[in-house]
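Listed here are the chains, written in short residue letters.
There are 2 protein chains.
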Amino acid sequence: MATFVQKYGGTSVGSVERINAVADRVKRWHDDGHRVVVVVSAMSGETNRLEGLGYEIAGQPDPREMDVLLSSGEQASVALLAMALMQRGCKSRSYLGTQIRLQTDANHMKARIEDIETAKLDTDLDAGIVPVVAGFQGVGPNGDITTFGRGGSDTTAVAVAAALKADECQIYTDVDGVYTADPRVVPTARRLESVTFEEMFELASLGSKVLHSRSVEFVGKYGVPLRVLSSFEDGPGTLITTEDRSMEQPIVSGVTYARDEAKLTLTAVPDVPGVASRILSPIGAASIEVDMIVQNIGGDGTTDFTFTVRRADFDRAHEILLATGQELNAGSVTGDDKIAKVSAVGVGMRSHAGVATTMFDALGHEGINIQMISTSEIKISVVVEERQLENAVRVIHTAFGLDDDAVDEEVD
Amino acid sequence: MATFVQKYGGTSVGSVERINAVADRVKRWHDDGHRVVVVVSAMSGETNRLEGLGYEIAGQPDPREMDVLLSSGEQASVALLAMALMQRGCKSRSYLGTQIRLQTDANHMKARIEDIETAKLDTDLDAGIVPVVAGFQGVGPNGDITTFGRGGSDTTAVAVAAALKADECQIYTDVDGVYTADPRVVPTARRLESVTFEEMFELASLGSKVLHSRSVEFVGKYGVPLRVLSSFEDGPGTLITTEDRSMEQPIVSGVTYARDEAKLTLTAVPDVPGVASRILSPIGAASIEVDMIVQNIGGDGTTDFTFTVRRADFDRAHEILLATGQELNAGSVTGDDKIAKVSAVGVGMRSHAGVATTMFDALGHEGINIQMISTSEIKISVVVEERQLENAVRVIHTAFGLDDDAVDEEVD
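Sequence lines, in order, name chains W and S.
Just so you know, we're using numbering that gives the first Met the number 0 here: the first sequence kicks off at 0 and counts up by one.
Just so you know, we're using numbering that gives the first Met the number 0 here: the second sequence kicks off at 0 and counts up by one.
If you are wondering where the hints come from, they were derived from the structure by calculation, not from laboratory data.
Treat the hints with caution; some may be incorrect.
The list treats identical chains as one, so a pair stands whether inside a single copy or across any two.
To be verified - Cut-off 30 Å, straight-line C-alpha distance, at most; resulting in silico cross-link-like pairs (DSS-like, lysine-lysine): (1) K119 - K109; (2) K109 - K90; (3) K164 - K337; (4) K220 - K337; (5) K337 - K26.
Small disclaimer: the values here were computed from a predicted structure and weren't measured.
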């Protein structure tokens with residue numbers, strides 16, 4: 000008798016029909032003798048609807064009230080799923096963040112979970128009851144409702160699984176696992192049997208959108224076995240493992256991308272210590288997130304300093320950089336808000352050389368110009384023109400032997 | 000500096016535009032130096048939408064889960080109104096039933112308020128903050144969310160006003176006060192300056208739909224001054240008073256009606272003690288509410304026993320009565336599910352004779368047959384054919400001098 004925490008996202012509970020389908024699925028696991036806790040998101044579209052109302056009323060809605068507003072979406076969906084389970088003769092009971100004392104810090108709209116009271120959940124599980132827990136929400140130090148940001152229901156699920164020492168945390172979504180690339184961009188992309196949580200973290204934070212990145216942090220911290228599955232069809236999904244995989248595994252596990260990036264360059268910056276900080280501090284002070292940073296050292300005692308930001312922050316960052324450039328007596332500010340980032344991710348890179356060369360060769364062969372390069376232990380990212388993004392993803396995917404057909408050939 | 004509790008119903012907060020209008024109104028009271036607590040319902044249509052989802056999923060949804068589901072509607076509206084107030088520079092903060100420990104009994108979907116913790120509200124009011132409290136919801140003995148049934152936000156408002164010893168509880172609605180009759184049925188109906196809470200109780204419970212009847216009980220119990228006003232136009236509304244009015248007041252304050260009634264008769268019942276209880280007990284056991292009861296004693300040792308129920312309960316009540324009739328060896332069961340009830344209400348009846356005669360004369364003159372009669376200290380109700388309902392209301396309204404023009408003539 001194993002304990003499973005199952006998380007169903009907004010699309011999986013997006014209608015009465017789908018809620019009923021989720022109830023059928025949960026009941027099967029329950030009837031098989033497992034202890035099942037379910038975590039659900041708001042019905043799809045609901046969080047957007049509520050958020051829209053909030054922004055219609057206040058340009059900058061109060062974060063405390065935004066959390067009260069948004070968390071009402073999950074409140075409705077837990078009640079509906081609990082009802083659907085009871086309708087099937089499966090005992091169930093819904094819980095809000097406040098009811099299981101899902102304690103967080105005081106940061107509204109991006110709270111971090113600190114503690115969960117598992118007494119009620121344990122009692123229910125012992126009594127054959129399926130607890131249905133509202134995702135995305137907790138309770139702050141002073142009893143206020145807090146939320147965890149978009150995708151926060153994943154974090155709830157992993158945190159609940161960690162607290163219960165569950166055998167597996169299953170994230171049900173509209174894809175049937177983690178893919179080597181976005182199948183909409185790369186038709187030959189294939190499902191991975193498993194990825195390490197480090198790869199997963201990169202894949203999730205780079206925009207493959209399968210899992211909330213904070214939930215993956217939890218996996219790393221508490222070693223919760225995590226599986227991503229489809230809520231629409233049966234299948235093994237993808238296991239997110241903590242152990243390093245063997246040498247036979249492909250060097251690169253997947254290729255991800257991020258659109259909506261922009262880059263800014265300040266030219267002829269005096270090449271003296273502390274200058275990078277002087278450029279980036281005002282950007283950070285304006286709450287603009289900087290992603291990649293490249294500094295090209297010239298021979299004339301000056302340097303070109305380039306970094307990327309989200310496209311939405313481009314104009315503000317540009318303005319700030321103009322002021323900084325004047326202060327530093329630097330050259331001109333140039334920018335491009337039509338760029339995108341492509342990354343190859345794989346723990347295999349740690350033990351393999353030449354990965355970067357394979358990637359650059361493939362792009363060069365296709366005539367795709369690399370504007371910036373950034374590397375980490377298990378990831379190589381390049382910036383390309385946005386219009387070349389999809390082609391770049393496919394080329395890299397093929398180059399690392401990730402295509403479905405190519406894999407079959409290798410296995411033979 | 001007075002303390003006001005203002006309650007805004009679903010129509011008053013039915014859109015962003017209307018929420019903004021409510022915020023403007025609340026701010027005016029606040030800027031005038033008053034201490035204001037606001038209680039709001041869910042946006043109009045929202046409770047119906049949520050309830051619809053619940054009944055779509057489960058024919059008989061679990062009451063605990065129904066309360067979790069339905070209370071999410073008020074959660075969204077309090078957050079939106081608090082945001083709208085802040086947007087206007089008026090400090091505000093939303094509270095759910097759980098957050099101000101609005102303690103109730105354990106009866107889901109029809110809970111009764113037992114206690115309210117006013118500490119947070121008092122602190123806010125002292126700091127110039129406008130607390131916005133979610134109507135309709137509380138917290139049961141074991142921390143579960145409870146709700147008070149339709150219209151329950153009125154009860155929240157009155158209970159909060161009682162707990163805070165507020166100077167006035169203002170119920171903002173889509174009508175500008177309590178009328179002598181439903182203006183849609185009686186065009187000459189007029190707004191009452193004041194009614195006693197006893198009259199209000201009769202008027203509300205009989206279907207004039209201005210106030211939740213339980214809220215009026217609170218008014219009686221705690222002596223909260225209550226006023227019904229329009230949220231769409233300015234005006235004095237109608238004050239609900241606790242004191243008896245003077246003799247100059249009209250004998251009848253208003254005429255109300257209830258559609259969707261049905262009556263059932265068991266004929267030739269042995270006229271022995273305890274027989275009424277034997278007839279009504281199985282009806283009550285089936286949770287069918289019985290309203291009027293009439294027993295006609297014949298000369299042959301048997302009696303005809305007639306009572307009214309809601310039309311929706313007619314078929315079930317009929318079935319139960321057939322079984323009871325056989326057990327009692329009574330005559331036949333007859334019924335009519337096309338009846339309606341009209342009532343004249345007024346505390347003046349206590350000190351005036353002949354009220355019933357005036358009412359019966361007026362109906363007889365109009366050729367409207369009275370099927371049943373029931374009287375209480377401040378009310379006379381008659382059952383008529385449903386098709387004659389509107390005519391009956393108008394005739395009685397005129398007979399008691401309640402028509403707008405008629406009143407002017409009397410004053411002159």
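Here's how the hints hold up against the structure:
1. K119 - K109: both (26 Å within a copy, 25 Å between copies)
2. K109 - K90: between (33 Å within a copy, 23 Å between copies)
3. K164 - K337: neither (45 Å within a copy, 62 Å between copies)
4. K220 - K337: neither (37 Å within a copy, 68 Å between copies)
5. K337 - K26: neither (48 Å within a copy, 46 Å between copies)
Consistency with the previously given hints fails for numbers 3, 4 and 5, ordered from lowest to highest.
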